[in-house]
Amino acid sequence: MPTPQLMHSEASGASLLEVDDLRVDFFGRLGRVQAVRGVTFAITPGETFGLVGESGSGKSVTSQAILGIVDAPGKVAGGDIRWNGHSLLHGQDSKALRRRVLGKEISVVFQDPMASLNPVLQIGTQITEVLRHHLHLSRRAAVERAAELLSLVGISNPRRRMRQYPGDFSGGMRQRVLIAMALACEPKLLIADEPTTALDVTIQAQIMELLAELRSTLDLSVLLITHDLALVAQFCDRMAVMYAGTILEKGPTASIFASPVSPYTEGLLRATPRLDVHLERLVAIPGEAPDLRRDVIGCAFHPRCGLATPQCRDEAPTLLNVGVDHEVACWNRGPAHEENGCADEPR
Amino acid sequence: MSTNIRPGSVADTGMGSTSRSGETRRGPRTDRGRGSSTVLRQILRDKMTLAAAILLCLVVAVAILAPLIAPHDPTQQVLGRRLRPPALFSGGDWTNPLGTDSLGRDFLSRLMYGARSTLLVSLGVVILGSLIGTTVGLIAGYRGGVTDTLVMRLIDLQMAFPGLLLILLVVSVAKPTRLTLVLLLSLMIWHVFARHVRAWTLSARSNVFVEAARMSGARTPRILVRHVLPNLASPLLTLVVLSLATIMLAESSLSFLGLGVQPPNTSWGLEINTGRQYIFDSWWLVVLPGLAISLTVLAVNVLGNWLRVVLDPQQSDKRFVGEQSTGAR
Amino acid sequence: MLRYVIRRLLMGAAVVFVVSAVVFFVPRLAGDPVQSMLPLDHTPEQRDALEKSLGWDRPLLTQFWDFLSGAARLDFGDSVWQRRPALEVISDRLPATLELAGAAILITLIVALPLGVAAALRPNSAADRLVTALALVGFSIPLFFLGLILMLTFSVWLGWLPTSGRGSLAHLVLPSVALALNGIGSLTVLTRSVMIEELNRPWIRTARAKNLPFRRTVGVHALKNAAPTIVTGIGLDIISLVATGVVIAEVVFAWPGLGTVALVAITRNDLVLLQALVFCAATAVVLLNIVIDLLYKLFDPRIDYTQDSVRSA
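Protein chains in written order, with my numbering: chain W, 1 to 347; chain Y, 348 to 676; chain G, 677 to 989.
Treat the hints with care, since some could be wrong.
With a straight-line Cα cutoff of 20 Å, these simulated SDA-like cross-link-like pairs (lysine to any residue) come out [as the list claims (entries may be wrong)]:
| hint | chain 1 | residue 1 | chain 2 | residue 2 |
| --- | --- | --- | --- | --- |
| 1 | Y | LYS394 | G | VAL813 |
| 2 | Y | LYS522 | G | ASP708 |
| 3 | G | LYS973 | W | TYR165 |
| 4 | W | LYS104 | W | SER138 |
| 5 | Y | LYS522 | G | THR936 |
| 6 | G | LYS973 | G | ARG679 |
| 7 | Y | LYS522 | G | VAL702 |
| 8 | Y | LYS522 | G | ASN945 |
| 9 | G | LYS900 | W | GLN122 |
| 10 | Y | LYS522 | G | THR943 |
| 11 | G | LYS900 | W | HIS133 |
| 12 | W | LYS95 | G | LEU888 |
| 13 | W | LYS75 | W | HIS90 |
| 14 | G | LYS900 | W | ALA115 |
| 15 | G | LYS728 | G | ARG760 |
| 16 | W | LYS104 | W | LEU214 |
| 17 | Y | LYS522 | G | VAL710 |
| 18 | G | LYS900 | W | PRO119 |
| 19 | Y | LYS522 | G | PRO709 |
| 20 | W | LYS104 | G | LEU888 |
| 21 | Y | LYS394 | G | ALA809 |
| 22 | G | LYS973 | W | GLN164 |
| 23 | Y | LYS522 | G | VAL940 |
| 24 | Y | LYS394 | Y | VAL657 |
| 25 | G | LYS973 | G | LEU678 |
| 26 | Y | LYS394 | G | VAL807 |
| 27 | Y | LYS522 | G | GLN711 |
| 28 | Y | LYS522 | G | ALA706 |
| 29 | G | LYS900 | G | PHE975 |
| 30 | Y | LYS394 | G | LEU810 |
| 31 | W | LYS104 | G | PRO889 |
| 32 | Y | LYS394 | G | LEU812 |
| 33 | W | LYS104 | W | SER94 |
| 34 | W | LYS75 | G | ARG798 |
| 35 | G | LYS728 | G | VAL710 |
| 36 | Y | LYS522 | G | ARG944 |
| 37 | G | LYS900 | W | GLY167 |
| 38 | W | LYS95 | G | PRO889 |
| 39 | W | LYS95 | G | ARG892 |
| 40 | W | LYS104 | G | ARG892 |
Treat the hints as calculated values from the structure; they're not laboratory data.
The whole structure should be built from the sequences, with the hints applied where relevant.
Below, the structure written as structure tokens:
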């Protein structure tokens, strides 16, 4: 099976981050689980990229692989991740590159603010440690910068609050602290892993506003990982839809929302409640996601897809171009279909 | 997982709950892949437990059947056959398979009767101590308030007299019988049970079904026995087994110091004390009882550890994911 | 925090008071101390004479008050056996015991802590299973047996070290190692299990995502959270060492410390000396418990200061 090619714009060399046919396996009690099965995408400077999928689709694992924190019992099993063209996974220089880049030029904001902060260390310490390790700032300079960062994210009285503990902050405030921590070294790419899931709706809005603001003032690229389609529609330039460890559709957010091509994406959008359309009931996608402990043969979505053909069952589709910068992995809706106009014509 | 459709979220497609694969165990090393060796390890680990269980059954059997199966009378002195080595060593023979002591008494028989004393006292202590401790802990944890404070003070006081201290006081004025020994040693562990059971009761108390029972008018003792206690059964059992190990060590230490089981009864610790002066030539007088204690306590500890892992469903699963966290408090 | 310290000290004082009551009344309730001091065929006059000379013919409460006020000044009366102030006997032998206990504690810390952390970093590896197995064996072997085996091996068969007594550094080796091995067993297992738990916390994931040096992630983020439990474990180990272990080790190796004194006091029915010993030991334990509690709170700022004893919860 040919590996999916990076899109023209993605491969142009202007990419900040390239994920190339990434594979990640987990070894558990009942065998090998293939959490990520050949994921490819790229992010350019200043771009916001949304990685969407339901729980278990492998989107968080992908971000872990980028950050280098996939742990036992997990293991990166194949593919590559490149930063500014240089590999982070393979080659002699990759280790040094990882040391230089991870945590500094690539940083992350995790989902659960209470769990992500160490409860027995002061907030200030948790920020300054990053500054002192990566930027080699002196203690005083680090404290200065930490205070700056805290006000940047909207925390008043930063110097006083720096000496407090995570338990003294509310959920939304803690998330702001996490963002401040992630921005400490002026990263080029910020990975936001479900940044609003654990928060109230009103706080969610505030946090996303903050992120949007920061994105433009700091010229940041953002990889937004979420299951919330609305968030992606609001916030992301381009997006990829993940399902069962692979990407089924990838392209500009506007195009995908306007005319989704993959049956799965269609199903997702149909199942989402909307304010402008009156629905009697939501149309759910029938069936269940596949058990990734077994090897997935053919298209991962085919058991639940109304358009499934024998080819879908036997062979996994690859990502192919269906429009400007818009790719889909589907035998029925792919370019073959467009050319031949027939659903079950063999390629 | 309930189908919680929030505005804007991907509809639950009926998949059921799946924890994000990223949330499995983490450790600082990223490059380990576990696989086939885990199964082998599991079998081996359980073999150890099996061996431990068999050993313990053997010891208990010997202790119970000692009067029937001991080859000689343990108190019978045969001065002509003093300090004979065990059978397989030069100078020894099968009349006294494990040799004789300084008064010519058959060592195997003495060890068998020693097992009797040790087990009798240890089991007695554990039963008494756990009963008292559990009852006190249940009441203190459930009632709270003054009762609880009182109990805590009592525990604090008990903790000021760890190990031998209190026993020294008593033993200086009265020679200990096996009964007083059981009572004194119970003091060593009741507070461990009380503290743990109290903590467990405190958290169980806030459970919904306990509240429901209370509201339906059930009286306290009934609630405690029917609702709270069953939940404590697993950790309690583990605690019982592990405290058995502690008590056996304590009893043998006391007997070694001469403050425990007294002649004409014997215990393994006491044998080591008597045999000590002959250690340079008649090593078996010390090594054999010592091995007996060590192996028995080791078996109890292995069993206790196994229980702890097996009875905690969380930890059972962790065994298979390539890591084990024993997390006991 | 200061308020907590004061409260704890006051509580400790109350406990010490009760301790002295226990130390005073228990022997008198458990048996007949006077009788145990007299030869078997004594006359009632001899008994009266002895009671009078010890001041034990006075009302019990008066005696108790005397005992209390004496204890506050560390004056426990004269040892019947050595015919000098009990306190003197204790202070004579104290350094030896402290030396032994101190050496054992040092060895335990140096070995158990790094071993426990190292095992936690490679859970279920061959090295880890070996360490856990050895630790298990370590705290299953009774101290007195271990001491005797060590003595047999290293003094008798190999002749490398002296058999018993106190004197040079060589004399210290066997007793302190024997004493330490038990503690090493339990402390290693405790450290390992606490660290494994702490290393699996979600904030460790954050620390790793920040790409902090390994030393910091483990040494600060994990260890700081693990510290209270580990420190408590160390404290409890010290207490059991002091209360029981030291006595046994001293007896096995004929180490001239307080443990051997205690046993002699028992065999000679010297209640005065024994009371003094137990009182001092129990008071030391109470103080140690307070220190442990304070350290616990120092390490974990989340703990509610109005709680009495964290470890009891």
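Hints versus structure:
1. LYS394(Y) to VAL813(G): Between LYS394(Y) and VAL813(G) the Cα gap is close to 17 Å, so the pair holds against 20 Å.
2. LYS522(Y) to ASP708(G): holds, 11 Å
3. LYS973(G) to TYR165(W): holds, 15 Å
4. LYS104(W) to SER138(W): holds, 17 Å
5. LYS522(Y) to THR936(G): holds, 19 Å
6. LYS973(G) to ARG679(G): holds, 13 Å
7. LYS522(Y) to VAL702(G): holds, 14 Å
8. LYS522(Y) to ASN945(G): holds, 11 Å
9. LYS900(G) to GLN122(W): Roughly 12 Å separates the two Cα atoms, so the pair holds.
10. LYS522(Y) to THR943(G): Holds: LYS522(Y) and THR943(G) sit about 11 Å apart, inside 20 Å.
11. LYS900(G) to HIS133(W): This hinted pair holds, its Cα atoms lying about 19 Å apart.
12. LYS95(W) to LEU888(G): holds, 14 Å
13. LYS75(W) to HIS90(W): holds, 14 Å
14. LYS900(G) to ALA115(W): With a Cα-Cα distance of about 16 Å, the restraint between LYS900(G) and ALA115(W) holds, given a limit of 20 Å.
15. LYS728(G) to ARG760(G): Holds: LYS728(G) and ARG760(G) sit about 18 Å apart, inside 20 Å.
16. LYS104(W) to LEU214(W): Holds, at about 17 Å.
17. LYS522(Y) to VAL710(G): holds, 14 Å
18. LYS900(G) to PRO119(W): holds, 10 Å
19. LYS522(Y) to PRO709(G): Roughly 12 Å separates the two Cα atoms, so the pair holds.
20. LYS104(W) to LEU888(G): Status holds; Cα separation ~10 Å.
21. LYS394(Y) to ALA809(G): holds, 14 Å
22. LYS973(G) to GLN164(W): Judged against 20 Å, a Cα distance of about 16 Å means the pair holds.
23. LYS522(Y) to VAL940(G): Roughly 15 Å separates the two Cα atoms, so the pair holds.
24. LYS394(Y) to VAL657(Y): holds, 14 Å
25. LYS973(G) to LEU678(G): Roughly 12 Å between the alpha carbons, so the hint for LYS973(G) and LEU678(G) holds.
26. LYS394(Y) to VAL807(G): Since the Cα atoms of LYS394(Y) and VAL807(G) sit roughly 18 Å apart, the hinted pair holds (cutoff 20 Å).
27. LYS522(Y) to GLN711(G): holds, 13 Å
28. LYS522(Y) to ALA706(G): Between LYS522(Y) and ALA706(G) the Cα gap is close to 10 Å, so the pair holds against 20 Å.
29. LYS900(G) to PHE975(G): Holds, at roughly 7 Å.
30. LYS394(Y) to LEU810(G): Between LYS394(Y) and LEU810(G) the Cα gap is close to 17 Å, so the pair holds against 20 Å.
31. LYS104(W) to PRO889(G): holds, 13 Å
32. LYS394(Y) to LEU812(G): Holds - the C-alpha atoms of LEU812(G) and LYS394(Y) are around 16 Å apart, at most 20 Å.
33. LYS104(W) to SER94(W): holds, 15 Å
34. LYS75(W) to ARG798(G): Distance ~16 Å between LYS75(W) and ARG798(G) Cα, so the pair holds.
35. LYS728(G) to VAL710(G): Roughly 11 Å between the alpha carbons, so the hint for LYS728(G) and VAL710(G) holds.
36. LYS522(Y) to ARG944(G): holds, 13 Å
37. LYS900(G) to GLY167(W): Given pair LYS900(G), GLY167(W) holds - Cα atoms ~16 Å apart, limit 20 Å.
38. LYS95(W) to PRO889(G): Answer holds: LYS95(W) to PRO889(G) is near 14 Å, not above 20 Å.
39. LYS95(W) to ARG892(G): holds, 19 Å
40. LYS104(W) to ARG892(G): holds, 16 Å
The structure fails none of the hints (numbered hints given earlier).
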